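Line order of the protein sequences matches chains P and H.
For what it's worth, numbering that gives the first Met the number 0 labels the leading residue of the first sequence as 0, then goes sequentially.
For what it's worth, numbering that gives the first Met the number 0 labels the leading residue of the second sequence as 0, then goes sequentially.
Honestly, the hints are just simulated from the structure, not real lab data.
Quick caveat, the model's predicted, so the values are computed rather than measured.
Among the clues, some could well be false.
Since the list gives no way to pick out one identical chain from another, each pair is judged satisfied if it fits inside one copy or across any two copies.
Stated by the list, open to error - Each computed DSS-like pair below joins lysine-lysine, with the alpha-carbon atoms no more than 30 Å apart:
1) Lys295 with Lys85
2) Lys24 with Lys161
3) Lys38 with Lys161
4) Lys24 with Lys362
5) Lys362 with Lys161
6) Lys295 with Lys24
7) Lys139 with Lys24
8) Lys161 with Lys295
2 protein chains.
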Amino acid sequence: MKLDPGPSPPPVKGFRFSGVHGGLKSRGRRDFALIVADKPAACAAVFTLNRQAAAPVVIARDHAGRGRAQAIMINSGNANAATGEKGMKFAEWSCRELASRLGIATELVVPCSTGIIGVQLERTPFARAISLGVDGLSRKGFAAAARAIMTSDAFPKWAHRKVVSESGTAMVAGMAKGAGMIHPNMATMLAFVLTDAPLATGAASSILRDAVASTFNRISVDGDTSTNDTVVLLASGQSAGEQIENEGTAGYADVCAAVREVMDDLARMVVRDGEGGTHVVDIVVAGAADADAADKVARAIGRSLLFKCAVAGADPNWGRIVCAIGNSEVDCDSDRISIDVDDVALVRGGTVVSDEAVRSARKTMRHEAWTLRVGLGDGAGSATVITCDLTEDYVRFNSAYSS
Amino acid sequence: MKLDPGPSPPPVKGFRFSGVHGGLKSRGRRDFALIVADKPAACAAVFTLNRQAAAPVVIARDHAGRGRAQAIMINSGNANAATGEKGMKFAEWSCRELASRLGIATELVVPCSTGIIGVQLERTPFARAISLGVDGLSRKGFAAAARAIMTSDAFPKWAHRKVVSESGTAMVAGMAKGAGMIHPNMATMLAFVLTDAPLATGAASSILRDAVASTFNRISVDGDTSTNDTVVLLASGQSAGEQIENEGTAGYADVCAAVREVMDDLARMVVRDGEGGTHVVDIVVAGAADADAADKVARAIGRSLLFKCAVAGADPNWGRIVCAIGNSEVDCDSDRISIDVDDVALVRGGTVVSDEAVRSARKTMRHEAWTLRVGLGDGAGSATVITCDLTEDYVRFNSAYSS
Numbered sequence: 000m001k002l003d004p005g006p007s008p009p010p011v012k013g014f015r016f017s018g019v020h021g022g023l024k025s026r027g028r029r030d031f032a033l034i035v036a037d038k039p040a041a042c043a044a045v046f047t048l049n050r051q052a053a054a055p056v057v058i059a060r061d062h063a064g065r066g067r068a069q070a071i072m073i074n075s076g077n078a079n080a081a082t083g084e085k086g087m088k089f090a091e092w093s094c095r096e097l098a099s100r101l102g103i104a105t106e107l108v109v110p111c112s113t114g115i116i117g118v119q120l121e122r123t124p125f126a127r128a129i130s131l132g133v134d135g136l137s138r139k140g141f142a143a144a145a146r147a148i149m150t151s152d153a154f155p156k157w158a159h160r161k162v163v164s165e166s167g168t169a170m171v172a173g174m175a176k177g178a179g180m181i182h183p184n185m186a187t188m189l190a191f192v193l194t195d196a197p198l199a200t201g202a203a204s205s206i207l208r209d210a211v212a213s214t215f216n217r218i219s220v221d222g223d224t225s226t227n228d229t230v231v232l233l234a235s236g237q238s239a240g241e242q243i244e245n246e247g248t249a250g251y252a253d254v255c256a257a258v259r260e261v262m263d264d265l266a267r268m269v270v271r272d273g274e275g276g277t278h279v280v281d282i283v284v285a286g287a288a289d290a291d292a293a294d295k296v297a298r299a300i301g302r303s304l305l306f307k308c309a310v311a312g313a314d315p316n317w318g319r320i321v322c323a324i325g326n327s328e329v330d331c332d333s334d335r336i337s338i339d340v341d342d343v344a345l346v347r348g349g350t351v352v353s354d355e356a357v358r359s360a361r362k363t364m365r366h367e368a369w370t371l372r373v374g375l376g377d378g379a380g381s382a383t384v385i386t387c388d389l390t391e392d393y394v395r396f397n398s399a400y401s402s
Numbered sequence: 000m001k002l003d004p005g006p007s008p009p010p011v012k013g014f015r016f017s018g019v020h021g022g023l024k025s026r027g028r029r030d031f032a033l034i035v036a037d038k039p040a041a042c043a044a045v046f047t048l049n050r051q052a053a054a055p056v057v058i059a060r061d062h063a064g065r066g067r068a069q070a071i072m073i074n075s076g077n078a079n080a081a082t083g084e085k086g087m088k089f090a091e092w093s094c095r096e097l098a099s100r101l102g103i104a105t106e107l108v109v110p111c112s113t114g115i116i117g118v119q120l121e122r123t124p125f126a127r128a129i130s131l132g133v134d135g136l137s138r139k140g141f142a143a144a145a146r147a148i149m150t151s152d153a154f155p156k157w158a159h160r161k162v163v164s165e166s167g168t169a170m171v172a173g174m175a176k177g178a179g180m181i182h183p184n185m186a187t188m189l190a191f192v193l194t195d196a197p198l199a200t201g202a203a204s205s206i207l208r209d210a211v212a213s214t215f216n217r218i219s220v221d222g223d224t225s226t227n228d229t230v231v232l233l234a235s236g237q238s239a240g241e242q243i244e245n246e247g248t249a250g251y252a253d254v255c256a257a258v259r260e261v262m263d264d265l266a267r268m269v270v271r272d273g274e275g276g277t278h279v280v281d282i283v284v285a286g287a288a289d290a291d292a293a294d295k296v297a298r299a300i301g302r303s304l305l306f307k308c309a310v311a312g313a314d315p316n317w318g319r320i321v322c323a324i325g326n327s328e329v330d331c332d333s334d335r336i337s338i339d340v341d342d343v344a345l346v347r348g349g350t351v352v353s354d355e356a357v358r359s360a361r362k363t364m365r366h367e368a369w370t371l372r373v374g375l376g377d378g379a380g381s382a383t384v385i386t387c388d389l390t391e392d393y394v395r396f397n398s399a400y401s402s
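Hey, can you work out the whole structure from these sequences and the hints?
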């Protein structure tokens with residue numbers, strides 16, 4: 000399992016970064032990150048659907064929802080979730096504090112927290128973190144920031160794409176944190192994607208929604224949605240070219256594709272992060288009555304503990320897949336089900352093809368990454384979900400993790 | 000963990016039983032059971048909601064739906080699920096075969112299968128099993144039948160209650176199979192409850208629905224609903240007393256309570272069956288806006304892998320419980336949440352009570368069985384779900400299980 004994001008992205012015009020140890024975590028580990036734009040940037044964001052959203056999420060939803068932002072402030076080690084009115088006041092204070100240090104409006108700060116739930120943050124170390132973070136801002140601070148947002152992550156996650164057009168070159172670079180199957184209690188998924196492309200807020204918003212739908216919203220780990228999940232896209236507009244207003248503007252498609260690719264890289268790194276022995280599976284369902292039915296079937300398979308255990312054991316247990324399909328609430332004729340493991344045809348017409356096919360599938364399932372293709376023979380709807388296996392280590396780590 | 004159902008139930012008037020080795024399983028293990036009434040009995044049944052219901056489920060739904068049945072035929076070792084048209088023809092044939100041996104109508108046979116999915120049954124050993132089963136029928140065969148329906152179960156499951164009324168005594172006895180967290184691929188949940196109380200079909204049906212709603216439908220193991228789950232209630236009417244037509248008839252409430260208690264015992268045995276080290280937790284949610292909201296919250300907690308891991312590790316990680324509540328799609332004010340572990344007040348007003356409370360809760364969570372009480376402070380709705388922990392053994396067994 001590749002646990003290395005490669006070299007960190009080149010600078011993105013108009014942004015500075017820092018990642019420092021402010022004292023929220025022990026042993027000098029980085030725990031505070033800043034992403035600051037030179038001027039207010041076009042901003043779009045999506046947040047957790049968990050009803051017990053953390054205090055910073057409530058504020059970030061308000062601030063980011065205004066369409067412009069200049070600073071993303073992230074602390075790791077404490078989620079500021081389930082902290083009540085006191086936690087909300089803390090998050091508000093922290094935004095004011097950073098805004099005053101940067102000389103910008105409080106509403107231009109998007110706050111994010113990740114870490115333990117139910118514990119209050121303290122102002123003294125946090126104020127020190129803000130101070131160190133502001134002092135440390137640099138064009139080259141991307142990697143330091145990406146490291147500072149980590150909690151149980153085994154490796155920092157970043158990706159970038161260059162967008163070349165007639166009017167010049169734009170950069171899209173993103174960082175994320177979140178670990179597949181280990182410590183998901185602290186594994187809030189955070190992702191920040193920055194570009195110097197001249198996106199209007201409307202374009203940033205539609206690009207973000209499009210890209211998230213096919214990337215972060217397609218990964219399924221353990222079904223527990225965190226109280227703090229946040230994805231933010233900021234566009235500084237410092238690269239050359241005309242402002243990209245909407246889907247109809249030249250350049251929109253290229254920037255959208257680049258953002259989607261960066262998010263796809265990041266989402267896969269989140270699934271991959273866990274244990275060296277885990278497997279990543281793309282579950283591709285086709286032939287459903289419509290896309291919604293395909294999505295339901297893919298998610299039912301990706302959510303089945305029995306399927307996830309079979310993946311861990313490289314066991315081509317197709318009965319569990321059929322059982323999971325039956326739990327999806329989608330009606331389909333079992334006689335038409337086909338199942339492929341990469342290029343191995345395992346099931347045709349609802350029946351296993353041969354013992355040889357089972358042996359080949361078992362061999363393929365030992366690979367770190369493979370694709371499960373399920374055909375329902377019912378229509379043209381298709382959907383993909385990316386998941387990983389359920390390992391003994393997941394249970395061991397999450398049983399041992401002390402509250 | 001108590002893995003012993005105690006002495007087997009006394010006879011239930013009007014029923015004979017057998018449990019034999021017919022050759023479907025290896026090494027001489029019992030794999031075929033019969034429950035046969037002397038005459039057609041009032042019958043009510045509920046079945047899996049899995050859309051890929053097995054062939055015997057399709058037939059049993061039809062036969063039991065007619066309101067009278069005389070024989071329940073169960074084989075273990077093969078679920079006859081995902082077996083297409085051929086599997087359906089097999090199930091039909093097996094009912095005809097047993098009916099002809101017993102000299103009854105085919106529609107009076109309720110067939111059930113449990114075991115591996117996707118493999119065809121063979122007629123020769125099955126015909127032998129039927130023959131041996133019919134020959135072995137006895138008033139005292141209850142325990143043999145209860146053993147023959149086991150697959151990965153660590154112990155046979157049975158329970159009984161005597162109903163004493165003015166008109167005499169009736170017996171309610173039930174058997175079940177199904178194992179909590181181990182091999183749930185083979186852990187179809189089957190339960191058969193027999194009574195000699197003089198229930199009309201309508202009364203049997205409403206008693207079954209009432210009892211299942213508060214017992215089998217309240218256990219949550221791993222979220223995978225089997226293709227074969229079946230619960231059947233048969234009433235021979237051989238005990239003394241007036242026919243019980245409906246809820247208004249004298250005796251209805253007593254029989255209903257007895258059936259519910261028997262099913263509650265059986266359901267708890269299913270949750271308990273797994274590994275010696277597992278824990279059983281009653282999740283009681285109160286103070287919800289209504290019963291439906293309480294149910295959603297209780298199920299969200301019972302389904303959370305993170306909570307289940309915390310139970311395995313005896314970790315009073317209340318943040319995970321709050322996070323699970325947030326994933327239930329029920330809005331509630333986190334400042335009003337209270338959490339108790341047995342008699343330990345862990346959280347009040349959304350905040351942990353004290354370090355001492357955490358220590359006490361940790362101690363209590365080491366017990367084999369304990370109750371989690373969650374208060375939402377929002378209304379009078381309450382609900383209970385019974386669940387068990389997620390252990391490394393679950394993953395180990397389900398990864399190793401060969402398809």
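Hint by hint, here is what the structure shows:
no.	hint	in the structure
1	Lys295 with Lys85	between (39 Å within a copy, 28 Å between copies)
2	Lys24 with Lys161	neither (35 Å within a copy, 61 Å between copies)
3	Lys38 with Lys161	within (22 Å within a copy, 79 Å between copies)
4	Lys24 with Lys362	between (43 Å within a copy, 28 Å between copies)
5	Lys362 with Lys161	neither (37 Å within a copy, 56 Å between copies)
6	Lys295 with Lys24	neither (40 Å within a copy, 36 Å between copies)
7	Lys139 with Lys24	within (23 Å within a copy, 66 Å between copies)
8	Lys161 with Lys295	neither (35 Å within a copy, 46 Å between copies)
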